[in-house]
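Okay, so the sequence shown: first residue is 1 according to full-length UniProt numbering, each after it adds one.
Just so you know, the hints here were simulated from the structure itself, not pulled from any lab data. Please read these numbers as outputs of a predicted model, since none were measured by experiment. Be aware that a few hints might be false.
[As the list claims (entries may be wrong)] Heads up, simulated BS3-like pairs for lysine-lysine below, C-alpha to C-alpha not over 25 Å straight-line:
#1 Lys-54 / Lys-184
#2 Lys-438 / Lys-331
#3 Lys-14 / Lys-114
#4 Lys-449 / Lys-406
#5 Lys-184 / Lys-23
#6 Lys-248 / Lys-184
#7 Lys-247 / Lys-184
#8 Lys-489 / Lys-66
#9 Lys-44 / Lys-28
#10 Lys-489 / Lys-44
#11 Lys-613 / Lys-723
#12 Lys-54 / Lys-23
#13 Lys-411 / Lys-423
#14 Lys-406 / Lys-394
[Unchecked claim] Cβ pair distances, simulated, as ranges:
#15 Glu-233 / Lys-44: 40 to 50 Å
#16 Pro-323 / Tyr-514: 20 to 30 Å
#17 Asp-21 / Gly-693: 23 to 33 Å
#18 Gly-254 / Phe-313: 23 to 33 Å
For every residue, glycine included, the Cβ atom is placed at its ideal position computed from N, Cα and C.
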Amino acid sequence: MFRVNETKCMFSSKEILRILDCKACEVKDFEITEVSVDSRSVNKPESTLFFALKGINHDGHDYVEKLYEQGVRNFVVTGLRAGFLPLSGANFFVVDEVLPALQQLAAWFRGQMKAEVVGITGSNGKTIVKEWLYQLLSDEPGIYRSPRSYNSQVGVPLSLLGMDVSTRLAIIEAGISLPGEMGKLQAMIRPEIGIFTHLGDAHGENFESRQQKLAEKAILFRDCRCIIGREGEALDYIASRLRPDVKKMIWGSGKNATVRVEEKGSTAHERLVAVGYEHVAFTLSIPFPDEASFENCMNAVCVLLLEGISPVFIAERVARLQPLAMRMEIKDGINRCVLINDYYNSDAASFQLALNTLAMQDAGREKVVILSDFVDTGTGERELYREVALLLRKAKVSLFIGIGEKLSRYKPYFLVPRCRFYKDTDSFLRQENREQFKDQVILIKGARKFRFEYIAGFLQKQSHATVLEVDFDAMVHNLNYFRSLLPRKTMIAVMVKAFSYGSGAGEVASLLQYQGVNYLMVAFADEGVELRAAGITIPIGVMNPEPEAFDHMIEFNLEPEIYSLELLEAFDRVLTKHGIEKYPVHLKLNTGMNRSGLDPEDLPALLKFFETKRKVIIRSMFSHLAGSDEARHDEYTLFQINRFIEMTKEVQARFDYPIIRHILNSAGIERFGQYAFDMVRLGIGLHGISAVGAPLWPVSSFKTYIAAVRQVKGDQTVGYGRKGVLGRDTRIAVIPVGYADGLDRHLSCGVGEVWIGGQRVPIVGNICMDACMVDITDTDAQVGDEVEIFGKHISVTELSDKLGTIPYEILTSVSLRVKRIYFKD
1 MFRVNETKCM FSSKEILRIL DCKACEVKDF EITEVSVDSR SVNKPESTLF FALKGINHDG
61 HDYVEKLYEQ GVRNFVVTGL RAGFLPLSGA NFFVVDEVLP ALQQLAAWFR GQMKAEVVGI
121 TGSNGKTIVK EWLYQLLSDE PGIYRSPRSY NSQVGVPLSL LGMDVSTRLA IIEAGISLPG
181 EMGKLQAMIR PEIGIFTHLG DAHGENFESR QQKLAEKAIL FRDCRCIIGR EGEALDYIAS
241 RLRPDVKKMI WGSGKNATVR VEEKGSTAHE RLVAVGYEHV AFTLSIPFPD EASFENCMNA
301 VCVLLLEGIS PVFIAERVAR LQPLAMRMEI KDGINRCVLI NDYYNSDAAS FQLALNTLAM
361 QDAGREKVVI LSDFVDTGTG ERELYREVAL LLRKAKVSLF IGIGEKLSRY KPYFLVPRCR
421 FYKDTDSFLR QENREQFKDQ VILIKGARKF RFEYIAGFLQ KQSHATVLEV DFDAMVHNLN
481 YFRSLLPRKT MIAVMVKAFS YGSGAGEVAS LLQYQGVNYL MVAFADEGVE LRAAGITIPI
541 GVMNPEPEAF DHMIEFNLEP EIYSLELLEA FDRVLTKHGI EKYPVHLKLN TGMNRSGLDP
601 EDLPALLKFF ETKRKVIIRS MFSHLAGSDE ARHDEYTLFQ INRFIEMTKE VQARFDYPII
661 RHILNSAGIE RFGQYAFDMV RLGIGLHGIS AVGAPLWPVS SFKTYIAAVR QVKGDQTVGY
721 GRKGVLGRDT RIAVIPVGYA DGLDRHLSCG VGEVWIGGQR VPIVGNICMD ACMVDITDTD
781 AQVGDEVEIF GKHISVTELS DKLGTIPYEI LTSVSLRVKR IYFKD
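Sequences and hints are given; from them, build the entire structure.
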């Protein structure tokens with residue numbers, strides 16, 4: 001039977017056989033909690049069902065044997081290859097086609113959920129509406145939305161399978177590119193509420209007419225109780241194809257609008273609109289002035305009105321909407337220019353919306369449009385580009401820059417006062433002089449393949465900062481490396497104390513929770529409270545619990561490390577006061593680190609304490625290894641491990657429930673993996689530091705930029721104390737990072753180096769509090785160039801060796817005033 005474990009839905013392997021109605025040999029019992037179509041993203045192999053999808057350039061069947069080695073035991077395939085036969089203990093569910101089987105499972109799963117589903121479709125704005133609707137409702141319990149742009153034939157089933165029994169409202173995107181696709185999506189999503197965002201020309205070449213495309217979109221809404229969208233012919237046509245009893249929540253200023261919307265004015269930063277619905281009237285301040293944002297916001301607002309949410313709440317939430325990376329952005333450019341970045345969509349309809357935004361900007365500035373060839377359009381080229389040229393003239397654009405072979409082909413159509421054409425983005429970047437762009441409003445509009453983000457960077461106002469970049473892809477790679485060294489069922493606790501070794505505790509903890517680690521460990525209760533506030537729900541252990549924080553720990557479900565009998569007694573008394581039973585604690589045993597913990601001679605008193613019924617239960621027993629990273633201490637390490645085995649045996653024998661054991665740290669996992677026991681504690685290894693020289697990826701990159709360059713004569717000195725003795729005429733670069741940011745002062749005077757423009761350059765003179773100087777004489781470096789202090793080119797280990805310390809100190813020394821930036825491909 002379909003079951004629920006807390007909020008995680010589980011299928012049995014036998015139930016998969018029934019749902020998919022497929023062939024299989026004798027089915028072994030497994031509980032399935034994860035579904036994967038990507039061999040690289042399997043996090044919990046023992047409970048993963050892998051669908052071996054076939055694509056143009058890949059075949060999931062090719063990865064089955066590798067996944068089996070990683071612990072995956074359940075596969076949906078179209079046939080049994082010879083290489084699958086030796087894979088004992090695995091289930092192979094044989095189907096005619098894998099993708100329909102995935103969709104069939106998602107449709108069945110959707111039927112088990114009681115959540116109300118909002119389905120969103122249209123050519124543009126689907127992801128924005130989804131994300132903004134989620135932002136507006138994020139404080140409400142049980143709100144779920146499909147991840148990223150998972151709106152395809154593969155993405156939709158994966159989105160639906162991400163729901164759980166706590167989901168009250170699910171927001172799901174649906175995107176199509178061919179006739180016949182929406183029926184498959186509708187059979188899975190079956191939305192009660194439908195949102196139609198906009199109809200553009202994307203994928204138009206695959207449909208015979210605009211009406212055919214609209215009819216295909218309308219299929220998503222055929223079982224809805226309500227459809228939402230902006231007034232217009234497109235929505236009227238869709239509504240005409242639905243049942244008469246479907247509620248039409250049409251917004252706009254026309255007479256048929258059920259949600260009356262009147263624009264009250266705009267500035268460069270907001271748009272004011274008056275909204276009337278039924279007997280309620282209120283005003284919204286939308287924190288984005290462009291037309292596309294206005295439309296996307298109102299589509300989301302209508303869902304809240306339909307749900308009966310108060311106008312006061314709606315207005316307050318709308319005013320706090322945050323921008324998304326994949327939407328039109330208005331930014332400061334160089335030389336007093338304003339940039340309108342809209343380089344994620346490229347079709348004629350969205351171009352018109354972008355021109356509307358251009359028209360709203362400062363009338364005193366010259367208007368410039370940088371446009372790429374359109375892609376995926378169903379309109380004839382000649383007519384399309386003739387219309388584009390006409391729109392540019394109507395918008396009073398003074399300078400037009402066309403990029404792409406098609407635009408160059410139709411250059412005679414463009415009668416804008418000044419025009420320039422390039423075959424590709426690289427040609428533009430090589431030939432344009434950025435200093436020629438002054439006091440202009442510049443619309444940058446292009447298809448993804450033209451990489452217009454480089455043009456935006458070329459023209460954007462320089463706003464460099466000293467930052468610590470944290471590469472989440474590298475972190476996941478390192479996590480999976482350590483997982484590969486462990487027995488399949490070994491749990492992993494990850495240390496996120498000290499701001500997660502300087503990387504940012506909340507952000508790293510969220511990633512680790514998503515990656516399925518079992519425990520997080522912090523140093524103090526306050527760190528755990530911050531993680532709970534950041535939405536972390538997995539178990540958190542506190543390594544240094546203070547009696548003053550016990551109440552706080554109980555309130556936020558934090559589990560203390562107990563290193564003395566006195567501390568255990570004190571915590572048990574507090575639990576008695578709260579009336580709480582079976583609260584988990586972690587016993588720290590001293591096996592030779594001699595810092596803290598229960599000694600072997602303390603165990604009789606510990607066991608006597610538990611002869612009386614207590615409020616605590618022992619969740620785990622653990623110890624710290626003193627020298628697991630160095631071979632010269634191996635004999636002592638083995639002594640500690642053997643003592644740990646003896647002590648834990650003595651304790652476990654007195655309890656009728658299993659107690660988790662863990663002693664290995666990062667180095668221990670690499671060098672003594674045979675003693676993984678039930679759990680390990682991963683710390684510095686997650687951040688790319690290996691005790692055996694394994695090919696881990698650097699996670700953190702400490703970066704700044706060149707703030708100034710000056711020429712200094714060879715007989716001069718640089719910096720405090722005149723320690724920077726030159727001896728030659730030197731180009732000195734000043735970089736805005738100093739010892740207050742975490743650049744150790746002992747790296748002064750050539751001890752340390754930084755990486756600029758593909759090579760190392762030495763630090764000159766004494767490092768200051770907020771700045772230091774480097775010698776760039778032998779480089780072409782200029783003001784604004786990026787500087788790496790440590791990262792991919794200068795490792796943390798190299799710095800720690802120079803300073804006679806350990807990588808932990810380097811990472812945790814980066815000041816909190818240094819901005820952390822997180823990225824993931």
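Evaluation of the provided hints:
For the suggested pair Lys-54 and Lys-184, the alpha carbons sit about 18 Å apart, so the restraint of at most 25 Å is met. Between the alpha carbons of Lys-438 and Lys-331 the distance comes to roughly 14 Å, so the proposed pair stays at or under 25 Å and holds. Simply put, Lys-14 and Lys-114 have alpha-carbon atoms about 23 Å apart, close enough for the 25 Å limit, and the pair holds. Simply put, Lys-449 and Lys-406 have alpha-carbon atoms about 14 Å apart, close enough for the 25 Å limit, and the pair holds.
As the CA atoms of Lys-184 and Lys-23 are separated by approximately 23 Å, the hinted pair is consistent with the 25 Å bound. As the CA atoms of Lys-248 and Lys-184 are separated by approximately 24 Å, the hinted pair is consistent with the 25 Å bound. Distance hint between Lys-247 and Lys-184 is fulfilled; the C-alpha atoms sit about 24 Å from each other, no more than 25 Å. A C-alpha spacing of about 18 Å is found between Lys-489 and Lys-66, which places the hinted pair at or below 25 Å, so the restraint holds.
Our distance criterion of 25 Å between C-alpha atoms is met by Lys-44 and Lys-28, whose separation comes to about 18 Å. Of the supplied pair hints, the one linking Lys-489 and Lys-44 holds, its CA atoms being roughly 10 Å apart against a limit of 25 Å. Restraint check: the Cα-Cα separation between Lys-613 and Lys-723 comes to about 68 Å, which exceeds 25 Å; the hinted pair is violated. With a C-alpha separation of about 19 Å, the suggested pairing of Lys-54 with Lys-23 holds against the 25 Å cut-off.
With a C-alpha separation of about 12 Å, the suggested pair Lys-411 and Lys-423 falls inside the 25 Å cut-off, and the hint holds. At roughly 22 Å between alpha-carbon atoms, Lys-406 and Lys-394 fall within 25 Å of each other, so this suggested pair holds. Our hint of 40 to 50 Å for Glu-233 and Lys-44 holds, since their Cβ atoms are close to 49 Å apart. The supplied range of 20 to 30 Å is met by Pro-323 and Tyr-514, whose beta-carbon atoms lie about 23 Å from each other.
Against the hinted window of 23 to 33 Å, the Cβ-Cβ separation of Asp-21 and Gly-693 comes to about 51 Å, which falls outside the hint. Checked against the hint of 23 to 33 Å, the pair Gly-254 and Phe-313 passes, with Cβ atoms roughly 27 Å apart.
The structure fails hints 11 and 17 (numbered hints given earlier, in ascending order).
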